[in-house]
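Peer 1: Residue numbers (numbering that gives the first Met the number 0), protein chains in the order written: chain A, 0 to 294; chain B, 0 to 279.
Quick caveat, the hints were computed from the structure, so don't treat them as lab data. All figures in this text were calculated on a predicted structure; none of them were measured in a lab. Wrong hints could be hidden among the right ones.
[Said to hold, decoys possible] Facing chain A, according to a computed beta carbon distance under 7 angstroms, are these residues of chain B, among others:
#1 N17
#2 S21
#3 L23
#4 L42
[As the list claims (entries may be wrong)] Partial pick of chain B residues on the chain A-facing surface, computed with a CB cut under 10 angstroms:
#5 L3
#6 G5
#7 G8
#8 M137
No residue lacks a Cβ here, since even glycine has one placed at the ideal position from N, Cα and C.
Here's the letter readout for the chains.
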Amino acid sequence: MSWARVRLLPVLAVVLAILVAWYGGAVALNAKWAEDQARRADVTLTFPDLVAATWSQDKPRLPAPHQVAAEIWKTTGAMVQRGRAFSKRSLIFHGWVTLSATALGFVLGTGLGILLAIGIVLNRAMDMSVMPWVIASQTIPILAIAPMIVVVMNSIGFAGLVPKSIISMYLSFFPVVVGMTKGLRSPDAMQMDQMRTWNASTWQTLVRLRLPSSMPYLFASLKVGIAASLVGAIVGELPINQDGGLGARMLVGSYYGQTIQIWSALFVAAALAACLVGSVGVLQRVTLRRMGMAR
Amino acid sequence: MSWLIGAFGFWLTAWAANIWLSHLPRSRLTGLLVPALFGMTLLILWEGVVRGFEVNPVLLPAPSAIALKFSSSLPILWTDFFQTFVKGALSGYLIGCGAAILTAIAIDRSDFLQRGLLPVGNFVAALPIIGMAPILVMWFGFDWQSKAAVVVVMVFFPMLVNAVEGLQASDHMQRDLMHTYAANHRQTLWKLRLPAAMPFIFNGLKISTTLALIGAIVAEFFGSPIKGMGFRISTEVGRLALDMVWAEIAVAALAGSAFYGCVAFVEKVVTFWHPSQRGA
């Protein structure tokens with residue numbers, strides 16, 4: 000009970016405040032359009048009418064939360080009930096497209112990151128030459144040029160999943176390299192000396208000591224990396240929208256002023272991000288507990 | 000063919016040189032020389048491969064072609080840079096980070112608000128906020144105001160989380176000492192807790208530099224006046240003028256690195272006392 004009071008109550012209060020502010024904002028932003036409509040129809044709106052009108056427009060400037068919720072239900076749950084979960088109009092389909100690009104990019108990026116980190120730790124020349132460029136590579140706003148990469152790769156015949164995953168990979172390898180390098184260097188001098196006493200080779204030290212002790216660092220970076228992968232996949236979907244995906248839904252929505260559609264895609268993306276980060280968290284807890292490293 | 004052989008020859012030489020250099024005692028000179036040599040090798044390999052295999056410039060222009068385009072279109076690049084970086088990214092960065100730090104100080108007194116806002120802020124900081132871009136462009140119009148708004152939304156939560164954490168960074172002993180001095184809340188804030196928060200605040204500020212540039216450029220894909228880096232990238236891709244696109248990327252990379260470097264420099268001056276700064 001005390002857990003609920005200490006942790007849950009404040010969060011609920013903040014979420015509630017956000018919802019209230021949102022409904023208020025919907026009234027403020029949509030009022031102008033509602034009043035214009037009323038003037039054209041020669042009706043004067045009382046305040047309750049005005050509020051009701053601002054919360055039920057087709058293309059509002061800011062849709063009210065219940066409209067977004069209804070749209071999400073219409074494009075997910077209701078589609079499932081009708082047995083068309085994977086039709087092109089369903090957000091489950093679009094979410095799946097985004098998720099597969101995210102997953103592929105994340106796996107590639109994590110692999111690349113771990114390999115680079117091992118190279119950096121084992122090889123001094125690599126440490127000195129690669130590490131500064133890994134850091135510099137992140138000051139380049141890669142997300143901003145992501146659409147270009149997608150278009151160019153499409154024109155040389157790589158369509159679909161691969162270009163998006165490459166952007167995801169680029170975004171997710173950086174936290175993994177930084178975290179893994181730190182983790183692989185985390186065994187202290189005592190432990191390293193112990194390995195030397197046992198006449199362990201570099202390889203054995205890596206597998207038996209460095210890799211296990213880097214796990215907490217790895218998981219912390221994976222959480223950052225998977226969120227970054229999702230952002231990469233979504234931005235990668237912006238230019239090519241015939242394949243679908245949450246990013247494509249957002250762009251199409253913005254072309255046609257379908258604000259409710261943009262918001263619902265945004266919320267599904269948010270839910271997806273939460274699930275992905277959450278499942279990495281669960282994996283972390285299980286792995287660390289089985290390795291006896293849980294804190 | 001000679002281009003390929005030359006490039007690979009240079010690669011091998013540079014590789015050997017780097018291995019030799021990295022086994023010398025570590026100094027400032029080798030610390031600069033080794034990565035510089037590595038970067039140069041990448042560029043020369045790129046140039047050699049593009050020329051050697053005669054890669055279509057529509058796919059990948061050579062670095063020399065990009066440099067040529069860069070120097071011949073400086074005025075356009077400058078207007079784009081000013082529109083996107085100074086008007087969009089920089090103003091949004093200042094507003095967003097300023098608002099986040101002020102919010103952190105404002106909620107500092109309330110334990111309840113902190114416990115509520117931190118998880119929400121952490122959650123929002125992990126979300127694909129960039130998806131807000133089309134909505135904000137719809138609200139604030141096509142000019143730089145909407146770009147600044149996207150940047151504000153993108154930097155606010157990472158900054159807030161860092162600032163709130165930073166304000167809690169001073170330990171009990173130090174706060175007790177301030178209490179012994181009969182310092183009031185404002186004095187404790189100014190003399191102890193804000194200075195102690197600086198490493199965290201600068202961490203947030205550094206993360207936000209890249210986010211700001213990304214936000215400003217991506218927001219331009221959803222509509223912009225006929226200038227700006229994002230606008231130029233998307234139209235030149237449409238015309239398959241990839242050398243211009245790469246020139247814009249070079250501008251973005253330079254601006255991003257310089258921005259990060261400036262913030263890191265200020266950090267060095269402000270948090271000179273922190274262990275992570277004393278070693279270097």
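Peer 1: Of the hints given before, which are not true for this structure?
Peer 2: 3, 4, 5, 6 and 7
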